[in-house]
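Top line first, the protein sequences correspond to chains A and B.
If you're matching positions, the first sequence starts at 1 in my numbering and goes up one per residue.
If you're matching positions, the second sequence starts at 1 in my numbering and goes up one per residue.
Think of the hints as simulated: they come from the structure by calculation, not from any bench.
Model, not experiment: these values are computed from the prediction.
Warning: the hint list may mix true and false statements.
The list cannot tell twin chains apart, which means a pair is met if one copy fits it or any two copies do.
Unchecked claim - Restricting the straight-line Cα-Cα distance to at most 27 Å, the calculated cross-link-like pairs of lysine-lysine (DSSO-like) are:
#, residue 1, residue 2
1, K250, K200
2, K225, K288
3, K289, K171
4, K195, K159
Protein chains: 2
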Amino acid sequence: MPRIIECIPNFSEGRRLEIIRAIADEISSVVSAKILDIHSDIDHNRSVITYICDPEHVVESGFRAYRKAAELIDMTKHEGVHPRIGACDVFPMVPLESVTVDEAIQLANELGRRVGTELQIPVYLYESSAKSEERKNLANIRRGQYEELTKTIAYDTSKTPDFGPAQMNLKAGATAIGVRGPLIAFNVFLDSQDKSIAKKIANAISESKGGFKFVKSLGFEIKSKNQVQVSMNFTDYRKTPLHRVFETIKSEADRYGVNIASSEIVGLIPFDAAADIVNFYLRLTGFKKEKVIEERLGEALRSSGVLEDKSKPY
Amino acid sequence: MPRIIECIPNFSEGRRLEIIRAIADEISSVVSAKILDIHSDIDHNRSVITYICDPEHVVESGFRAYRKAAELIDMTKHEGVHPRIGACDVFPMVPLESVTVDEAIQLANELGRRVGTELQIPVYLYESSAKSEERKNLANIRRGQYEELTKTIAYDTSKTPDFGPAQMNLKAGATAIGVRGPLIAFNVFLDSQDKSIAKKIANAISESKGGFKFVKSLGFEIKSKNQVQVSMNFTDYRKTPLHRVFETIKSEADRYGVNIASSEIVGLIPFDAAADIVNFYLRLTGFKKEKVIEERLGEALRSSGVLEDKSKPY
C-alpha cells in the first residue's frame, strides 16, 4: 500500500471559481498530489479542496496552495457567512494509509514553518498538532475572525502564532493547520428565512451546548436559496451517526413549524457512514461494503487476476 | 474489461450448510468462476449463491453446480416455505460486462441442454430466454411446485420441458434457467405471527395485484424468528426504488398495528440502489459513488499509478 495523507484545505473564496481552479492546479502540479473533490459555496464564500498526497510531497503541495491563495485572494475584501481568519483559512491533514499521527504532526510543523517564514502568514496549529490545550479547538483560534484578530494579534499574547509574524498579513490573513481524524461535513437546509431557528437547532445538536458528543454546528443564513442552514461537522460518525442527528434536526424543526428542504455532504464520506444510514432507515442489520456488487466485482477482478488465468484446466 | 456473466443459482437447501459449501466448491473449481456471496435461509430452506464467470466457462460451472446439487439434495425430503421445483431450483444468468443478452441466451440453452440430457432433469427456460410468452414469468413455471409438477409433467403438454425428459427426476426435481437483468432480493420481517398480514401486504405491493410495477412479492411464515416476512424481488430498482416500497410496507403494517422488526438484502445490490436510500431519507440530492472516499481513493491509486510516479520533479 502506498503511504497517503489526505488534505482538506478550506479557502475564503466560493464565487470566483477560476481562483479555486488555479489553486487546485497548483496542488496538482506536485508529484503524487491528486485532487478528489472540490466543493464551492456561494453564501459561505468558501471552497473546500479534498486531495491525497504521499507524505514526502505534502508540505510542498500545501505550500503551493498557500502561496497561490495569498496571491489571488484578498482578505480585506472577503465577505461570507462562515467564520474565517485567512485566504487559506484552515488546512486539515488526515493520516490515511501507513502514516502515523506523529509523522503527520511533524509535517504540519514543517508546513507551518514554511508558510510562516516564506509567506509571512501567522500560523496556528490546532487539534492533534496543537501546542497548547486551548488551541486544540479550532473555534478558539478562529474566535473574532480575521477582523478581530487583525487588531489583537500583536498585543494579546494568547494570540501569538506558532509560526510566522505576530502581525496580521492583511491580504492573506492568518491560518490554522491541524492534524485530525476523518470528519464529515454535513449541511441541512431549512425552509425558513429565520436564522434564529437555524441557530437554535445548531445549539441543540452541538456538543458545546449540550447536544451530541461528536457534533460541531453553526446556523447560517443562505440568501442564495432564501433558506437557513444548520451546518455540521461530525468528528466521529461511528459514535454520533448522521441519521440520529438528522432525525433530531427534523424533530426540532417541526417544533418551529419548519420543514427540512434538503441537505448536502461537503467533500467525501466513508462508505460505512452511508451504510449506517441505509441500515437505520431500512432496519437492516448487515448492510456493508461487501454487499455492494461493484465492490465485490472489483475485488474479484483484482484478486490473483482470476478472470485472466487460462492455465487452470476444467 | 474482461467479459462477465453473473449467475445467481438458488438451491433447495438452507440448513445443512456443508452441502451448499460443497456446491460452491464445485463452482469454484471451474476456471474464472468466482463466488461473491452465499446466503442461506433456514425457514425458506434455500440458499442463493452469487458468482461471476467468463462466458466461456459459465456452462461448465453451472453444470457442475447442478450435478453436485442432484447428488446431495433429495427433493422427496425437502420442506420449506419458499416455492420450488428442484434441487437447483432456478439458475438466473445476468450479462454484466461485454456480454450481449443474445450470447447469454445461447449459453442458457447450452446449459439447459446439458442438464436435461446428461442429468435427466426437466429444464424450463424463463424470462429473456423463454421459448413462449407464458414461460417468461417464473411464477407460471413454478406454479404447483415440485409435488404438483411431478404428477402433471408427463400428461399436461403445457408442462413439457424445453430440455430433458417429460418426466420428473424424483430426487433432483426440475429446474428453471433464465437470462434476466439485475434484480434486488429484499425481505422485510414483521413483528407478528399472522401470515395473512404478510400476504396482504405482499399483495398490496406486487405488480400482479395492483402494486408497484417492478415488484414481485410473497408473504411467508418465519418460524425460526416467530415472525412473518414480506419477501420481494425488485426487477427495476431505478424505477421502483426500495425506500418507496419500504415506506408503503410500513404504512400498510401500521394499519394492522404491526411493526417492521428488521429487513435483509439477499445477495448483493448495486451501489446506486443504496445511494437512492441515503438520498431519500436524508433529503440529499447529490449522493453518489463519487462522494465515497474509498471509491475515490481506489480510483486515484489505479489511475496512471500516480502515487508511484517519482519521475515528475516538483
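Hints versus structure:
Taking CA atoms no more than 27 Å apart as the test, K250 paired with K200 passes inside one copy only; the shortest distance there is 13 Å, against 32 Å between copies. In this assembly of identical chains, the alpha carbons of K225 and K288 lie at most 27 Å apart only when taken from different copies (23 Å versus 35 Å within one copy). Taking the shortest Cα distances, K289 and K171 never come within 27 Å of each other, neither inside one copy (46 Å) nor across copies (38 Å). For the identical chains of this complex, K195 and K159 are neighbours neither inside a copy (30 Å) nor across copies (69 Å), given an alpha-carbon limit of 27 Å.
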